[in-house]
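Peer 1: According to our numbering, the residues represented by the sequence shown are 6 to 208, in order.
Because the hints were derived from the structure by calculation, they are not lab data.
Just to be clear, a hint being listed does not mean it is correct.
FRET-style restraints, in silico, Cβ to Cβ [unchecked claim]:
1) Arg150 - Asn77: 31 to 39 angstroms
2) Asn77 - Pro153: 52 to 60 angstroms
3) Ala87 - Tyr42: 21 to 29 angstroms
4) Gln127 - Asp157: 28 to 36 angstroms
5) Glu182 - Pro108: 31 to 39 angstroms
6) Pro160 - Ala188: 16 to 24 angstroms
7) Ala134 - Phe110: 49 to 57 angstroms
For each residue, glycine too, the CB sits at the ideal point set by N, CA and C.
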Amino acid sequence: MPDVMSLLVSIAAIAYAVWRVARLPAVWRGASFHRSYRKLEVNRRSYLIFVVEVGLLCAGIMLGGIGLAVDNEWLRRDASLALVLLAVSLLPVHLMVNAFNRPRFLVPPDLRHEPGWVGRRQQARRRRATGRPPTSHPVQIIEIRPLPDEPDAFPPVLVASCTSDECDWESREVPLEKPRAEAIARRYAAGHSDNVLPDIERD
Numbered sequence: 006m007p008d009v010m011s012l013l014v015s016i017a018a019i020a021y022a023v024w025r026v027a028r029l030p031a032v033w034r035g036a037s038f039h040r041s042y043r044k045l046e047v048n049r050r051s052y053l054i055f056v057v058e059v060g061l062l063c064a065g066i067m068l069g070g071i072g073l074a075v076d077n078e079w080l081r082r083d084a085s086l087a088l089v090l091l092a093v094s095l096l097p098v099h100l101m102v103n104a105f106n107r108p109r110f111l112v113p114p115d116l117r118h119e120p121g122w123v124g125r126r127q128q129a130r131r132r133r134a135t136g137r138p139p140t141s142h143p144v145q146i147i148e149i150r151p152l153p154d155e156p157d158a159f160p161p162v163l164v165a166s167c168t169s170d171e172c173d174w175e176s177r178e179v180p181l182e183k184p185r186a187e188a189i190a191r192r193y194a195a196g197h198s199d200n201v202l203p204d205i206e207r208d
């Protein structure tokens, strides 16, 4: 039974790695992606290095599982540990990509001219110092209503939401029945960005 479980773990690890690699071309070309794993942020900018890390980590798990299944100590201990440590050693590179947008060859071409989060914070401080909102991210006003078969689930609301892949800012909800609800939502949006989209998205 342990041999079967080891093989299943190995198969699951390599399947996860293949799934992540398969998404790489779409994310590299522009598909939205943003995840946070505790303190580690993964977005379009850092997806390539993330895929390399995941590939090495899953390969290490796979070799460890195979080593357990066939009772091979070198695979179980040395080879698998080497790959896991190599994956962990890339974490500083991952952090550098997010923070400084370097090295550029790891960043999608359309993002290579943009700053990392360190540069964005500096830009935000400079913008605030001149009386402007901290970003120029596109912000969408979204109207959220309950499903037709549950009309009383919650009152309709407006929410201003940043559409940048690397920003999860969202305003507080504004009840649609409130006077000047759209103006209030747009005022919230203007506190985050000077690029508020004119149309309202109906969700």
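Peer 1: With reference to the structure, classify each hint as holding or not holding.
Peer 2: These are the hints, each one checked on the structure:
1. Arg150 - Asn77: 31 to 39 angstroms: 59 angstroms, violated
2. Asn77 - Pro153: 52 to 60 angstroms: 59 angstroms, holds
3. Ala87 - Tyr42: 21 to 29 angstroms: Once the Cβ atoms are compared, 23 angstroms apart, the range 21 to 29 angstroms for Tyr42 and Ala87 holds.
4. Gln127 - Asp157: 28 to 36 angstroms: Since Gln127 and Asp157 have Cβ atoms about 47 angstroms apart, the given range 28 to 36 angstroms is violated.
5. Glu182 - Pro108: 31 to 39 angstroms: Roughly 52 angstroms apart at Cβ, these two residues miss the hinted range, so it is violated.
6. Pro160 - Ala188: 16 to 24 angstroms: 18 angstroms, holds
7. Ala134 - Phe110: 49 to 57 angstroms: 34 angstroms, violated
Comparing the model with each earlier hint shows violations of hints 1, 4, 5 and 7; every other hint is respected.
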